[in-house]
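*Asks:* The lines below spell out each chain.
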Amino acid sequence: EDQVTQSPEALRLQEGESSSLNCSYTVSGLRGLFWYRQDPGKGPEFLFTLYSAGEEKEKERLKATLTKKESFLHITAPKPEDSATYLCAVQGYTNAGKSTFGDGTTLTVKP
Amino acid sequence: DTAVSQTPKYLVTQMGNDKSIKCEQNLGHDTMYWYKQDSKKFLKIMFSYNNKELIINETVPNRFSPKSPDKAHLNLHINSLELGDSAVYFCASSRLIGVNTGELFFGEGSRLTVL
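Which chain is which? The protein sequence lines are A and B, in order.
Residue numbering for the first sequence follows the working numbering, starting at 1 and increasing by one per position.
Residue numbering for the second sequence follows the working numbering, starting at 1001 and increasing by one per position.
Hints were generated in silico from the structure; no laboratory data involved.
None of these values were measured; they are calculated from a predicted model.
Every residue gets a Cβ at the ideal spot worked out from N, C-alpha and C, and that includes glycine.
Treat the hints with care, since some could be wrong.
Quick list of simulated restraints, FRET-style, between CB atoms [said to hold, decoys possible]:
1) A:S20 with B:K1044: 21 to 29 Å
2) B:T1059 with A:H74: 20 to 28 Å
3) B:E1053 with A:S83: 37 to 45 Å
4) A:E1 with B:G1016: 27 to 35 Å
5) A:K69 with B:K1044: 35 to 43 Å
Pulled out of the complex, with its shape left as it was, chain B reads as follows (with noise of 0.2 Å):
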């Protein structure tokens, strides 16, 4: 029944490894996005896909990849983790049409420890 339903919920791991999070809506929506939430609670846009067509694609790392198989997945693949690569990663969605796309829903995030 889960709007957004992402995997792991919580990484640990340590530095150099490599790790990923899976993202999946049921919403129907078009539009998905991953944020990344830091310890101070501001949550910033990494990346957005519209039916699977990369979209947004802020000043993130070359080592972080998304790739969106279909519209209703969206996973993000960490290549060599560093330390400041911890962090809570939210997937939201979206719909598309008009300023809706501004009404996100998330998943409960997954957090990201790097020892």
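Next comes chain A alone, as it looks inside the complex (with noise of 0.2 Å):
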């Protein structure tokens, strides 16, 4: 069964403190391994898609980075409106089109 794991479940940052939230995690034949974003009160918003080893994607102050075993999405001088709980999620070939998620990680980035 697929399986995942973030960490830290709750960090703080102050504002420009950049630093890293970790997905771990557990697939028979990684399909992809998506970052959502969610605010409170709000569905998750879609941010990525990583599809292999070595892969990397950026938006705006975002980074996500994939390995065989995990992924990292690294926040870079971070502001105050990146406050939200961070989810990761993965779909692997035997349960195509069924994503698994980890619990996220709630950041909060204080001025």
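From these two lone chains plus the hints, build me the complex, please.
*Replies:* Have a look at this one:
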């Protein structure tokens, strides 16, 4: 069964203080790894898809990377508006169409 | 303009009642889903429909019955509500082809509280 573990559970940063969120996964044949952002009271918003180890994707202050066992979401010089819960999900070839989510990391960026 | 819209946003009801949540997407996607998010933010898939056909049915009590009248709509009916059904229910959609099925577009959620 596919599994996703995210750490830390919560992260508090000062504005401008860069850091990384971790997503460790177990899947039988990775079809894709996905990052989402969820604001309070809203649905998750898709950020990135990573397909294979070594791949990187960037969007503004966010950069996602992928290895064979984990993915990192690097946040460079974060701003208060980056505060949200970041969710990681995987799809394997044996469970095509079914995304397995982690519990998320709640990021708080203080001004 | 909303891509995935679901109603109602909030439901408060008594144990034993029946309730429905409606979902519509205007993205032209073929696949729609229901996810449940518990108080710890854990998102778990319940059902998936592809062009009106049920393709994923996780271990969900049969009190939960999804219905898809067309590929743009997926509704969720819940019978005999229990306290443990309290959660936020998210509707989502995705393209059918290739790995893009993992790129989900979510609605804003329907928070169900069972008293």
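*Asks:* Holds or violated: 35 to 43 Å for the Cβ distance of K69 (chain A) and K1044 (chain B)?
*Replies:* violated, 23 Å
*Asks:* Note whether the CB distance of E1053 (chain B) and S83 (chain A) lies within 37 to 45 Å or breaks it.
*Replies:* holds, 40 Å
*Asks:* In this structure, is the beta-carbon distance linking T1059 (chain B) and H74 (chain A) contained in 20 to 28 Å?
*Replies:* violated, 36 Å
*Asks:* Take the C-beta atom of S20 (chain A) and the C-beta atom of K1044 (chain B), compute their distance, and say whether it sits inside 21 to 29 Å.
*Replies:* Roughly 26 Å apart at Cβ, these two residues keep to the hinted range, so it holds.
*Asks:* The hint says 27 to 35 Å between E1 (chain A) and G1016 (chain B); measuring C-beta to C-beta, is that right?
*Replies:* Holds: the Cβ-Cβ distance is about 33 Å, inside 27 to 35 Å.
Checked against the numbered hints above, the structure violates hints 2 and 5; every other hint is satisfied.
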